[in-house]
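Participant: Below, each chain spelled out in residue letters.
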Amino acid sequence: MGEAIAFYIIAGFILIFAVLVVTAKEAVHSVVFLVIDFLFVAALYASLGAEFLAIIQILVYAGGIVVLYLFVVMLVNLKRPPEAYADPHRRTTLGFALSAAMLLEIGVIASYGYVKPAPALAAVAAPVTGNTEEVGWLLYTSYLIPFEIASMLLLVAMIGAIVLAKREL
Amino acid sequence: MPAGINAIDFYYLLPEIVLTAGALAVLVADVLLPRGSRALAWITVAVLGATLASLLPFADTDVEVANGLIAVDRFALFFKVVFLVSAIMTVLMSVRYLEIEEVSPGEYFFLVLCATLGMMIMAGGIDLITSFIGLETMAVSFYILTGFIKPNQRSNEAAVKYFLLGAFSLGILLYGMSLLYGLSGSTNLHVMASVFAGQARDPLLVLAVILVVSGMAFKIAAVPFHMWAPDVYEGAPTPITAFLSVGSKAAAFAMILRIFVEGLPSMTSDWQLLFEALAIVTMTVGNVAALTQSNLKRMLAYSSIAHAGYLLIGVVAGTPLGVSAMLIYLLIYTFMQLGAFTVIVMMRRADVVGDELKDFSGLHVRHPVAAFAMLLFMLSLGGIPPTAGFMGKFWLFRAAIESGYVGLAVVGVLNSAVSLYYYLRLVVFMYLKKETTGSEPTASPALALTLAVAVAATLVLGVYPRVLFEVAEKSAQTLGLGGAAAP
Chain F
1 MGEAIAFYII AGFILIFAVL VVTAKEAVHS VVFLVIDFLF VAALYASLGA
51 EFLAIIQILV YAGGIVVLYL FVVMLVNLKR PPEAYADPHR RTTLGFALSA
101 AMLLEIGVIA SYGYVKPAPA LAAVAAPVTG NTEEVGWLLY TSYLIPFEIA
151 SMLLLVAMIG AIVLAKREL
Chain S
1 MPAGINAIDF YYLLPEIVLT AGALAVLVAD VLLPRGSRAL AWITVAVLGA
51 TLASLLPFAD TDVEVANGLI AVDRFALFFK VVFLVSAIMT VLMSVRYLEI
101 EEVSPGEYFF LVLCATLGMM IMAGGIDLIT SFIGLETMAV SFYILTGFIK
151 PNQRSNEAAV KYFLLGAFSL GILLYGMSLL YGLSGSTNLH VMASVFAGQA
201 RDPLLVLAVI LVVSGMAFKI AAVPFHMWAP DVYEGAPTPI TAFLSVGSKA
251 AAFAMILRIF VEGLPSMTSD WQLLFEALAI VTMTVGNVAA LTQSNLKRML
301 AYSSIAHAGY LLIGVVAGTP LGVSAMLIYL LIYTFMQLGA FTVIVMMRRA
351 DVVGDELKDF SGLHVRHPVA AFAMLLFMLS LGGIPPTAGF MGKFWLFRAA
401 IESGYVGLAV VGVLNSAVSL YYYLRLVVFM YLKKETTGSE PTASPALALT
451 LAVAVAATLV LGVYPRVLFE VAEKSAQTLG LGGAAAP
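Chains as they are written, first to last, in the numbering used here: chain F, 1 to 169; chain S, 1 to 487.
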């Protein structure tokens, strides 16, 4: 019961701050709301016993990615009013109608799943000890190959950033 | 406790290891070699050749390695050969093109090799995690390669469009994948298939299928997820356009077959319906839009969208026959598409871009060989015998009819007829137009070699396709088709 209450409180805050991110007039305020949103998501992970994810969420998202956003906000001139960006081809009504239909569909499916839960959901036993060791263990044993390929992926991204950012090659 | 991985796993991953080591070697060689040396291209070709050779010991293996993350079977092997061959042709095509565009070749060739590595992982991946990382490696390499000509605004715009839409579609794909994992409790496709086998049709699973189909449809540029393709194909460096339209498409099809045929046989009727609708719309929109294009790269972009539609017929058929027809078509398509792009690269001069339709007017006077090769590729893309394109289409449509999708085959044939208009319009420009305004096409030895290979393959596979058919049939059988027989 306590878990459920914690979940709904945290989920509520996530939604509120997500809405604030979109509606904030100042770009910097948006970013700050985003940080708070990320922190609540981290809290959600922690309450589910996934403390590794929670830490990563704070380090990578609240830390790294938001710093990047702040740089963009500083470097790009966002002072113009939204009207200056208006696109004559934009069909706002159609967009809203389509997303409303999609949301409705997903809602129906989700509520169906709630009424009639999926039969054989693999019950994962919650680890008694922290799952950081568990994740590390899996990463270097079973998932060693994807881990190695991911290192190539990062190298590609790094070289790509250098290629695209360098003035003269 | 999950088992670790054994030394023997690394033996089975030898081709991937050779390719990775080679890619890193290219990066180092770029620093050591003098500026402007063409040796780098040949080193890259040698790396790809060595990878091709290292596939030899696995010609008949059919195993799952690394705890069921990657399959080394004939299905993967067939695709790996397609990727490596198209990568070699792309590199050969690029040598002079890079000098004209004045970009440094080191990082370019490294990224081509990494994209190939990603494709190979995608073809072998039987676990959502492996497939996804392979897909990302390929996609990130292509985002950068698309924007490689930095002074060119078109190239920049293409890269940004491709990156933004690609990232967005990847999000959709991941939503689907996470639902699949949540519902089955495993990322392994075979485990997933057995978990879902006994279950009733779950609406959440349907949602997952829809999301994964949408995400993958972006990668093969199927309508209505094709918006990025014309702009990206036009803006990217021409050899990369060729590689993108062949390698990346083939890899995405390999992943589609793995996920849906191996992982979701219990949902066959759902994804078949989705792919059937996609195939019809993709063929029709691609061909109709291609009719009005005056830029050749744009026209080939729409034509490649249409070809993705033809290939989807094979997915819908879902039988071993359908899959083998797809494999045959993919290999044939590789040669004719790369050949057509080779001719466009030949037209590129220091002062002329040479990818407009009018650049080709009266080409047969200026360069009869290039004109004839282009004629051959256009006929093949349109599906006229005795070229290979006819054989490929014939098998695809036959597979559709034998699985009971006669309507799909009829739409395909009608679309081929429509497509002839724009393929033959180029031929009219080359052979019947009097004014010869365009540039003088020139061939370097590497370009001549690529063109010769493409022409030879297009003719030989059209006249004597038997060997290819046998190989493709064997390869298709290794894909777990047990539960996916036609309804």
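Keep in mind the hints are simulated off the structure, nothing from the lab.
Please read all numbers here as calculations on a predicted model, not as lab measurements.
From the three backbone atoms N, C-alpha and C, an ideal C-beta is built for every residue, glycine too.
Just so you know, not all the hints are guaranteed correct.
[Claimed, not checked] Not close to chain S: a few residues of chain F, all C-beta gaps over 12 angstroms, as computed: (1) Ala11; (2) Ile14; (3) Ser47.
[To be verified] List time: in silico DSS-like cross-link candidates among lysine-lysine, alpha-carbon distance up to 30 angstroms: (4) S:Lys358 with S:Lys150; (5) S:Lys150 with F:Lys166; (6) S:Lys433 with S:Lys358; (7) S:Lys161 with S:Lys358; (8) S:Lys358 with S:Lys434; (9) S:Lys161 with S:Lys150; (10) S:Lys161 with F:Lys166; (11) F:Lys25 with S:Lys161.
[Stated by the list, open to error] Quick look at which bits of chain S chain F covers, simulated, 3 or more residues with Cβ under 8 angstroms: (12) 66-76; (13) 130-136; (14) 266-279; (15) 321-331.
Participant: Now tell me, hint by hint, if it's right for this structure.
Facilitator: For each hint, the structure was consulted:
With a least CB separation of 17 angstroms from chain S, alanine 11 of chain F remains clear of the 12 angstroms interface cut-off, as annotated. In this structure isoleucine 14 of chain F is separated from chain S by more than 12 angstroms, as the shortest Cβ-Cβ distance comes to about 17 angstroms. Here serine 47 of chain F stays apart from chain S, with its beta-carbon at least about 18 angstroms from theirs, past the 12 angstroms limit. Straight-line distance between C-alpha atoms of lysine 358 of chain S and lysine 150 of chain S comes to about 26 angstroms, which keeps the hinted pair within the 30 angstroms bound.
A hinted pair counts as satisfied when its Cα atoms are at most 30 angstroms apart, and lysine 150 of chain S with lysine 166 of chain F qualifies at roughly 10 angstroms. Taking the CA atoms of lysine 433 of chain S and lysine 358 of chain S, the gap is about 9 angstroms. The hint holds against a cut of 30 angstroms. Simply put, lysine 161 of chain S and lysine 358 of chain S have alpha-carbon atoms about 27 angstroms apart, close enough for the 30 angstroms limit, and the pair holds. Proposed proximity of lysine 358 of chain S and lysine 434 of chain S is supported: the alpha carbons are some 11 angstroms apart, at most 30 angstroms.
With a CA separation close to 15 angstroms, the supplied pair lysine 161 of chain S and lysine 150 of chain S stays within the 30 angstroms bound. About 21 angstroms separates the Cα atoms of lysine 161 of chain S and lysine 166 of chain F, which keeps this hinted pair within 30 angstroms; it holds. A hinted pair counts as satisfied when its Cα atoms are at most 30 angstroms apart, and lysine 25 of chain F with lysine 161 of chain S qualifies at roughly 27 angstroms. Interface restraint, the region 66-76 of chain S with chain F: holds (4 residues with C-beta to C-beta distance below 8 angstroms; minimum three).
As drawn, the region 130-136 of chain S meets chain F at 4 residues by the rule of a beta-carbon pair under 8 angstroms; at three or more, the given contact holds. Proximity of the region 266-279 of chain S to chain F, defined as three or more residues with a beta carbon under 8 angstroms from a beta carbon of that chain, is not established by the 0 residues found. Look at the region 321-331 of chain S against chain F: 0 of its residues bring a Cβ nearer than 8 angstroms to a Cβ of that chain, fewer than three, so the hint is violated.
Hints 14 and 15, counting from the list given before, are not met by this structure.
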